[in-house]
Amino acid sequence: MNKRLIILDLDNTMIDTLHVWGTSLTKLLGGLSNRLDISKEALYDLVRRTHGQYRFNDGVSLIDWMFEEDQGLKSSRLASNWQSVAQNVQEEWMRQSAALSTPYDGTIQMLQQWKDEGCKIAIQTDAESCAVLRRLWWIAVHAARNGEFDQPEDLLGLIDGIYCQPSIPHSSLYLAEIESEFRGKVEGKLHIWQDKVFKPSSAHLTKILADQNATPDQTLYIGDGHKDGAEAKTLSVAFAWAQYGARVSPETLDLYASVGSRNYSYGEETIRAAMAELGVVPAHVLETGLSDLARRGQRANPLHCERDDLGYVRQLA
Numbered sequence: 023m024n025k026r027l028i029i030l031d032l033d034n035t036m037i038d039t040l041h042v043w044g045t046s047l048t049k050l051l052g053g054l055s056n057r058l059d060i061s062k063e064a065l066y067d068l069v070r071r072t073h074g075q076y077r078f079n080d081g082v083s084l085i086d087w088m089f090e091e092d093q094g095l096k097s098s099r100l101a102s103n104w105q106s107v108a109q110n111v112q113e114e115w116m117r118q119s120a121a122l123s124t125p126y127d128g129t130i131q132m133l134q135q136w137k138d139e140g141c142k143i144a145i146q147t148d149a150e151s152c153a154v155l156r157r158l159w160w161i162a163v164h165a166a167r168n169g170e171f172d173q174p175e176d177l178l179g180l181i182d183g184i185y186c187q188p189s190i191p192h193s194s195l196y197l198a199e200i201e202s203e204f205r206g207k208v209e210g211k212l213h214i215w216q217d218k219v220f221k222p223s224s225a226h227l228t229k230i231l232a233d234q235n236a237t238p239d240q241t242l243y244i245g246d247g248h249k250d251g252a253e254a255k256t257l258s259v260a261f262a263w264a265q266y267g268a269r270v271s272p273e274t275l276d277l278y279a280s281v282g283s284r285n286y287s288y289g290e291e292t293i294r295a296a297m298a299e300l301g302v303v304p305a306h307v308l309e310t311g312l313s314d315l316a317r318r319g320q321r322a323n324p325l326h327c328e329r330d331d332l333g334y335v336r337q338l339a
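Heads up: the sequence shown begins at 23 in the numbering used here, then just goes up one per residue.
Treat the hints with care, since some could be wrong.
What the hints assert, rightly or not - Derived EDC-like pairs (lysine to aspartate or glutamate); straight-line CA-CA distance at most 20 Å: (1) 137 / 148; (2) 218 / 175; (3) 207 / 175; (4) 25 / 182.
It is worth saying that the hints were derived from the structure and are not from the lab.
Computed from a predicted model, the values in this text were never measured in an experiment.
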């Protein structure tokens, strides 16, 4: 691949974050509902009111916030030992979210292949820095356990820059598992946006290209969402749609409808329609994983586009 820089979204591109979130939060809320004899609907209402960092990334701090915000949780019929209940549910969330935080198949191999080809690799995400740190840690741990690395820190040798949003205060337990050496190496590659701007941002993309010494035509931007494609479009950077990451289970979509943001939706057809509305035409459509880019003779583009002789696509009239 004739590119100098690969920009990767993190969530639902390198890791199935929605599956991790949906499965872990469902168990967390179910545990609270059963142990405190409180309806899930009442808990959904609480979750909707909290900051996105707690709602989508940090179940530990979410529990702390819920008990602080709603004193009724402490006085429910079964809540005489509410502190023990909170701690047990937090520990369960930590274990489950860690176990599920594995990279998509082929992700590590593609990172290694791109580095072998001389590419730089940058992560650009709207997630907060604490969530990025924990996700990268568990991606690295699982990859090391699978024999893809000698040690978790090896992942960071493949990544040249990490760009993300600032965190709000969080429980110390949330990052307690992460080794200090790994944390230090992540922080050395970290750029935290301070302008309160999210994707799509031409200014952010310009900064990443400058940092990594690449021009738009030397860059490929990969992500699962229409906002990733819209950001790539701001500087005419080629965009690869991680279609595999846009596929979400009905159970997770139902949970998101109950507690998620009202101004955003997930799902393959939703993202496809949003890209069409924004005029985003992917240069590549990845159906099974990042390794689709390494395969020749990719399947026909489902966005009513066709490929030219260079492998890029143009939208059909």
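Okay, the hints, checked on the actual structure:
no.: 1; hint: 137 / 148; verdict: 24 Å, violated
no.: 2; hint: 218 / 175; verdict: 30 Å, violated
no.: 3; hint: 207 / 175; verdict: 8 Å, holds
no.: 4; hint: 25 / 182; verdict: 15 Å, holds
Checked against the numbered hints given earlier, this structure breaks hints 1, 2; the rest are met.
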